[in-house]
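Here is how the chains run, residue by residue.
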Amino acid sequence: MAVAAVGAAFVLLPLVAMVTRVNWAEFVPLVTSESSLDALGLSLRTSLTATALCVLLGVPMAVVLARTEFWGQRILRSLVLLPLVLPPVVGGIALLYTFGRRGLLGQSFEALGVTVAFSTTAVVIAQTFVALPFLVLSLEGALRAVGTRYEAVGATLGARPTTVLRRITLPLVVPALVSGAVLSFARALGEFGATLAFAGSLQGVTRTLPLEIYLQRETDPDAAVALSLVLVVVAVVVVAAAHQAGRSGGARLRGPS
Amino acid sequence: MSLEFSAQVGVRGFDVSLPVAAGETVAVLGPNGAGKSTLLTVLAGLLRPDSGRAVLGDRVLFDLGTGGRGRWLPPHERGVSMLAQDALLFPHLSALENVAFGPRSRGVPRAEARRRATAWLERVGVSELAARRPAEISGGQAQRVAVARALASEPELLLLDEPLAALDVSAAPAVRRMLRDVLADRTALVVTHDILDAFTLADRVVVLEAGCVVDLGPTRDVLDRPRTRFAAGLAAVNLLIGTVTAAGVVRADIRMPPGEAAPDIRARFLGDLAAGDRAGVCIRPSAVSVSVAHPTDADAAPIHSGPRDPALTHPRAADPEQTMLPVTVTDLEPRGDLVRVRAGDVAADVAPGRVADLDLAPGVHAWFGFAAADAIAYRL
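The listed protein sequences correspond, in order, to chains A and B.
Residues 6 to 262 in this note's numbering are what the first sequence lists, from first letter to last.
Residues 787 to 1166 in this note's numbering are what the second sequence lists, from first letter to last.
Okay, chain A solo, but in the shape it has when bound (with noise of 0.2 Å):
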C-alpha cells in the first residue's frame, strides 16, 4: 500500500507542481497567441491524419500477424514493435535516411518533385511511425482474445472469407480498434523527438505543440506552462474517452450482467 501511495504520488506531483506554476491571470491570452493557435491546430490536423493512417496500414498488419502463421513471424513482429522501444530521435534519423533529399525513397520522391522532408507531411509520417505499433499491439491481442471460432462458425454458413471479416471479425474487435486508436492519437499528439529530428520546426509547417513547448520554455516560462496544461487536458480527455471505448465495447459483447 504504502510503496504504491509512493508510486501514484510519483505520477501525480509534477502534475501538480506544473499547475501551481500556470499564470492563470494571462492564461488565455497565452494560449490564444498565434503561435500557439498554430501549434496547436496543427498537432490535431496532423495526429488525426496519423491515426487515420495508423489504422489503415495496423488493422491488416494485427489481421496478418493473428490469423496467419508463415516463416519467420515472430521476428517480423518484433520488428514492427520496434518503434515502440526505439529512442524516438533515432526512429526520426532513420526516416531522414528513408525519406530525405538523399534518403533511400527520398531520392524517388525528389525526382517526381516531391520533397517530404521538413513539411507537414514528414511530421505525420513521424508519428505515424511512432504510433503504429500502439494499436498493432491493441488489435493483434484482441484478435487472439476473440478467437478464430465465430469466424469457423461464419464460414460454415457459407461466408466467403472478405465477408468473414468484414461481418464478423472487425466488428468483434471494434471497442479494441478504438481504444488501439485513441492510444495512437496520444501517442501521436505527444510525439517530439522523431518529428524534431526528421521535420524540423518551422510555425505552422512543422512545429506542432509539444515543439512549441519545448522552445518557449526558453523565452516564455508562463506559455510553456499554460500550453503543457493544454496537452495535459487533451491526454486525460483522451485516456477517458479510451478507457469508455473499452469498457462500453466490453459491456455489448457480455450483456447486462
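These are calculated hints, taken from the structure and not from any lab test.
Glycine included, each C-beta is placed from N, C-alpha and C at the ideal position.
There's no promise every hint is true.
[Stated by the list, open to error] Here are the in silico distance ranges between beta carbons for each label pair:
(1) Gln249(A) - Val955(B): 29 to 35 Å
(2) Leu62(A) - Arg901(B): 39 to 45 Å
(3) Gln871(B) - Gln249(A): 33 to 39 Å
(4) Ala22(A) - Asp954(B): 38 to 44 Å
(5) Ala921(B) - Ala116(A): 45 to 51 Å
(6) Ala240(A) - Gly925(B): 39 to 45 Å
(7) Ala905(B) - Leu62(A): 39 to 45 Å
(8) Pro65(A) - Arg901(B): 50 to 56 Å
(9) Gln249(A) - Pro895(B): 45 to 51 Å
[Unchecked claim] To give an idea of the chain A side of the interface with chain B (calculated C-beta under 8 Å), a few residues:
(10) Ala10
(11) Ala13
(12) Thr161
(13) Arg165
Given the coordinates of chain A, assemble chain B onto it according to the supplied hints.
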C-alpha cells in the same frame, strides 16, 4: 443428400469411413478423444486430413491422395453447417441478424433474408426474440436461434456437436424435441454422449473408439445388442464377451485363478450361433441378483434385484438355467431407489435393504446370478 466419407488423420490416429444415406440422421458415439470432433471438423472443412475423400450428393468436398494433395473445398463452398455445444451466436448481431447471416452471405437480398430468418425463428419457437442480442437470451433460447441460423443457410449436411450438452436439464427436453422435428428428412450427423439423443434423433448410430469405427447400425440394434464396452456402458447394460461351446453355452473371457474354469453363461441365443463363434451376452443390471455365499451351499439365499422380475423372487440355487459369476465388489452407487453394485465391468441393481443385509462393500466377494431368459447372446 447422401454422403460418402472416408478420411485419415495420421497424428490423431483417425481412420474413418462412413456412408450416410440421404435424409438420414446418424448419431456419433464414442469416448472422449475417439475422433468424433475430428470427424465433424474434417467434414466442415476446418481440418484438412492427410488423405481421404468425401462426396456430398454430387459435390466432391475433398479428394486428397497421400501427401494431402488434391481437391479441397473451403468451408463456405461446402453447404455443410455446424452447430456446436455452445450456440456461438455472433454477439454483435441481433438474433434475427444472426439467422439472416447465412442467406445474406449467399447473396440473398436483405429483405428476403430477413423474411426467411423470421420464418426460421418461428419454426424453432423463438420468434419473439428476433430483436434481442445474444447476451440477452438464455442458453436454451440461444441454442434454438443457433439451430435456426444453421438451417437458414440451407445446408445439405448438418453437423451437430453435442447440441444439448451445454443446456440445463430443464431446457434440454424441449430443444431435443425441436431438433427431432427439424432433423426429420435431413442428412445430419449428431455427436452425443446421451443415449436419449441417439434414440430420439438418430436413425443409425456409429460408435468410434481410438479413431476407428467399432460399431455401426440401426440405433436400437447397436444399443440393445452392444458390441463394445463403450456402447454397453452407454446403454447401461452388462456385456460379457465369450466363445460359444459345443454344450450351447458361452464360455466368458473372464480371467480366472489358476485351476478354475471360466464360468459358462447360459443365455437365450439370437440368430444362429455355432460352437466356436464369438458372442456377446447382454444382461440388464436389474435382472442380476447378488448373493455372498455360493448358492449351491445349503445356507445360501440369493438376493434379488427388485420386483421387476417375478421369475427371480424365489431362490433357485443350482438351477441349471441360472448363471452364477464369482465377483469382487468394486463400487456401490446409489441410483434412485436402488443401489448399483459394480464388480469390474459387471453391475447389478439391488434394493438398499439387501445391500445392508449382505453387508456389501468394495472388496467383498460375492456371486452375481442371472437367468438364461434374461441373458441375450448374439454373434459379434
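Hints, one by one, checked against the model:
1. Between Gln249(A) and Val955(B), the C-beta spacing of about 41 Å breaks the proposed range 29 to 35 Å.
2. Roughly 41 Å separates the CB atoms of Leu62(A) and Arg901(B), a value that falls within the hinted 39 to 45 Å.
3. At roughly 35 Å, the beta-carbon separation of Gln871(B) and Gln249(A) lies within the given 33 to 39 Å, and the hint holds.
4. The hinted window of 38 to 44 Å between Ala22(A) and Asp954(B) is violated, with their beta carbons roughly 59 Å apart.
5. For the pair Ala921(B) and Ala116(A), the beta carbons lie near 57 Å from each other, so the given range of 45 to 51 Å is not met.
6. For Ala240(A) paired with Gly925(B), a C-beta distance near 43 Å keeps the hint of 39 to 45 Å intact.
7. Restraint check, Ala905(B) to Leu62(A): a C-beta distance of roughly 44 Å satisfies the suggested window 39 to 45 Å.
8. In this structure, Pro65(A) and Arg901(B) break the distance hint of 50 to 56 Å, their C-beta atoms being roughly 36 Å apart.
9. In this structure, Gln249(A) and Pro895(B) break the distance hint of 45 to 51 Å, their C-beta atoms being roughly 37 Å apart.
10. Annotation: Ala10(A) was flagged as interfacial toward chain B, and the flag is violated, the nearest CB pair being 38 Å apart, outside 8 Å.
11. For Ala13(A), the interface hint is violated, the least distance from its beta-carbon to any beta-carbon of chain B being 35 Å, above 8 Å.
12. This hint holds: Thr161(A) has a C-beta 5 Å from the nearest C-beta of chain B, less than the 8 Å allowed.
13. Annotation: interface hint on Arg165(A) holds; nearest CB of chain B at approximately 5 Å, less than 8 Å.
Hints 1, 4, 5, 8, 9, 10, 11 from the earlier list are contradicted by this structure; the remaining hints agree with it.
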